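A.B. asks: Listed below, chain by chain, are the residues.
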Amino acid sequence: MKNVVSARWAGLLTVAAMLSLAACAPGSENSDSDAPSPDADIRTDAAELGDLTLTVWDQEVRGGQNEQIEALNAAFQEAYPNITIDRVSQSFDDLATTLRLALTDNEAPDVVQANNGRNTMGAFVEADQLVPLNAYADAYGWADRYSPSVLQYSTYSEDGTVFGEGNLYGLPQVGEVVGVYYSKAKLAALGLEVPQTWTEFGAALESAKAAGEIPMQLGNIEAWPAGHLFGPLQAATVDPAEITMLGLGNAGASWETPENEEAAATLQGWVDAGYFNDGPNGTDYDAAWQALAAGNGVFLIGGSWLAADLEDAMGDDVGFFAPAAEAGGAIATTGGTGLPFAVTTASENPDAAAAYIDFLTSDEAMETIAKTGNLPVNRTAELAPADGVQSDVYGVFGAVTTDGSLLPYLDYATPTFGDTLGQSLQDLIAGEVTPAAFTAALEADYGEFTGSAG
Amino acid sequence: MASSPARPADPTVRPGAVSRPAPPARRRAVAPLRRRLTPYGFLLPGFLLYAAFMLVPIARAVQLSLYEWDGLTVGTYVGLDNFATVVTDPRLREAFVHALVLIFFYSVLPLLIGLLLAAVLNRGKVRGLPFFRTVIFLPQVVAMVVVAVAWRQIYAPDGSLNSGLRAIGLGSLARPWLGDYTFSLPAVGFVGTWVSMGLVTVLLLAGMSRIPVELFEAARLDGAGAVREFLAITLPAIRGEITVALTLTIIAALKTFDLVYVTTGGGPGTSTTVPSYEVYRRAFQLGEVGAAAAVGITLTIVIFGINLVVNKVGDRSTT
Chain A
1 MKNVVSARWA GLLTVAAMLS LAACAPGSEN SDSDAPSPDA DIRTDAAELG
51 DLTLTVWDQE VRGGQNEQIE ALNAAFQEAY PNITIDRVSQ SFDDLATTLR
101 LALTDNEAPD VVQANNGRNT MGAFVEADQL VPLNAYADAY GWADRYSPSV
151 LQYSTYSEDG TVFGEGNLYG LPQVGEVVGV YYSKAKLAAL GLEVPQTWTE
201 FGAALESAKA AGEIPMQLGN IEAWPAGHLF GPLQAATVDP AEITMLGLGN
251 AGASWETPEN EEAAATLQGW VDAGYFNDGP NGTDYDAAWQ ALAAGNGVFL
301 IGGSWLAADL EDAMGDDVGF FAPAAEAGGA IATTGGTGLP FAVTTASENP
351 DAAAAYIDFL TSDEAMETIA KTGNLPVNRT AELAPADGVQ SDVYGVFGAV
401 TTDGSLLPYL DYATPTFGDT LGQSLQDLIA GEVTPAAFTA ALEADYGEFT
451 GSAG
Chain B
455 MASSPARPAD PTVRPGAVSR PAPPARRRAV APLRRRLTPY GFLLPGFLLY
505 AAFMLVPIAR AVQLSLYEWD GLTVGTYVGL DNFATVVTDP RLREAFVHAL
555 VLIFFYSVLP LLIGLLLAAV LNRGKVRGLP FFRTVIFLPQ VVAMVVVAVA
605 WRQIYAPDGS LNSGLRAIGL GSLARPWLGD YTFSLPAVGF VGTWVSMGLV
655 TVLLLAGMSR IPVELFEAAR LDGAGAVREF LAITLPAIRG EITVALTLTI
705 IAALKTFDLV YVTTGGGPGT STTVPSYEVY RRAFQLGEVG AAAAVGITLT
755 IVIFGINLVV NKVGDRSTT
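Protein chains in written order, with the working numbering: chain A, 1 to 454; chain B, 455 to 773.
Bound-form chain A, shown alone (with noise of 0.2 Å):
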């Protein structure tokens, strides 16, 4: 009986002992990463930095986006024999779990592909785990090179309170729009021309429907998809300058306004009449796509992602267009732009890393990534192949960087904002929430969070 009652007492004071070993505030012992100094002199002559290795995280897995970083990056060793580039790769997800440990680590990457919203880039900014790229964006000219509706996604205040403005954090090296895809043959079929404004799509919508159709495919199990319904949509009733306010989760606008609401009755009046394919909350994103290159359905809103999937199954059937708000107006459509390669504080080698990404981001670079079939962010227009999907979706991305404008992804806004747009989605798509509380919620979060961050 002693035994077992001295055998409790160690097992306790071996917990108690290791609770004071763990007793210091979490996160304090990588507090010691020396904070950025904006005023050094920065250099970029890379090719007199000496022998060095960068060590680069990204994310650039799938086909064409392995060839083109593969490729450039050849090209980089070749042209700076005195650095080495060692490559981590991993998917997306892995990517945006893991990022966060491996800045706090002591061998951190030095070039990291961070995600522009606020809690993947905009925590790095405020825990200084990223180095302010001003300085480097004078001395190679980064602002003639990129559209500043391109760059505004990654930029970010010093304190990482303000997205949008401020210091530059990051460069992308693709873009990403989101509009319609339609099948070519239905739409001849319904007698139907392509839709310029949101008014002429929702007609089309409703011819295709009396015909018979299923007029758009949606998946939406996911709970993001329909926001990237949502998005385009709102620009048809909503001016683009509050929407940009909305979606980066700045103060100053409402998502509480009768256009907010006139949008989310919109989409919910689609759903009523019938216009999506059966149950879009508990169908696959990807079995929605392929409803569509498998002949069902004439309209599915998605990103520029789909383009070359859809091609491949559709061939020359597929095409791609974002609707304006009013005829012959600028177009307005979510958007945005991979994920930016930035640099961070924990880097030896800061010069060298800002050398790399200027590199990936070339006028040069540009034709690459054109060539391995993804969409490049600058120099868009002139890089377009001469027919095929690609085409309308070059066309589309060049239209809204130049002249029209390109939305943020509203999940950007706030932490919580994905969750809380996927989930009033859902809610307003199965007719679980009227309009006005679709907004509301959608304020609740926007306004705690530009509240609080003042």
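Any given hint could turn out to be false.
[Unchecked claim] Partial selection, computed: residues in chain B whose CB lies under 7 Å from chain A: (1) L518; (2) L526; (3) V528; (4) P611; (5) Y635; (6) T724.
FYI, nobody ran anything at the bench for these hints, they're computed from the structure.
Note that the structure is predicted; figures quoted are calculated from it, not measured.
Even for Gly, the Cβ is constructed at its ideal location relative to N, Cα and C.
Fit chain B to the given chain A structure using the hints.
C.D. replies: Quick look at chain B alone, frame taken from chain A:
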């Protein structure tokens, strides 16, 4: 050894060691301490491993749960605030309620089905019993992610479940199961039933096969029917197995993650969120590591609590 005194060269045999009546008092004072410590010496390597991979992480999680920490900057100590949130946050409360609903689908329902199946298989002396046992057990062998992907296809709006319903004229019941606010949680739960059923049935079968046949014969002579036999003999005899089955499946129900992650991601709306999924979401997506740890600790305590009750009730009969 003792019977071969012809080989005194054997070094392990110390002559006289056996015949010595008692160790001298002088050595007696030393030996107990050493003897008391020796077992711990053997336990030490195992304990160190266990401590490194279980106790330290748990202690660390407890510590994290007392901080507000985003995983990047230095955390701030907030005491029990994170636990207060677990209780007050309606979203988390909902997740815990869903977990309790899942207990019904993971544990109670498989137990009822398993009892029936095992009783039939055992009593009927079915031919090819090993075959049926294997088939029923198969879902346990398949990785949960594979199971989830397969069921996601089955539940799809044009999946085999709806096709089957339409084929037999019940098309009005067809629905997008995983996208339906009422039926998504039961749909996910039913996958759990399907998976747990095999384990439970095999456990119960093993228990039933231990029951002496004479007991049944005696009962039958006394005029007991199948139901009476089951209630009077089988059920009390396999109480231990039922406890084990409940413990295992309740743990599985409460820590469900992969199934929800793959099939619904917590949707539609929040109708299938579960605590483990909230831990993942908070720690890796929202960067609320402290709050995530608090949810994890709470979940651990709930699992302990429920299973303590199950085992207390289950043990009462055996003592």
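A.B. asks: Work down the list of hints and note, for each, if the structure agrees.
C.D. replies: Now the hints, each set against the structure:
Checking L518 (chain B) against chain A by beta carbon gives a least distance of about 6 Å; that is within 7 Å, so the hint holds. Using the Cβ-Cβ criterion of 7 Å, the hint placing L526 (chain B) at the interface with chain A is satisfied: the shortest such distance is roughly 4 Å. With its C-beta approaching chain A no nearer than about 4 Å, V528 (chain B) sits inside the 7 Å limit, and its interface hint holds. The criterion of a C-beta within 7 Å of any C-beta in chain A is met by P611 (chain B), whose closest approach is roughly 4 Å, and the hint holds.
The interface hint given for Y635 (chain B) is met, as the beta carbon of that residue sits about 6 Å from the closest beta carbon of chain A, less than 7 Å. Satisfaction of the interface hint for T724 (chain B) is found here, the shortest Cβ-Cβ separation to chain A being roughly 6 Å, below the 7 Å cut-off.
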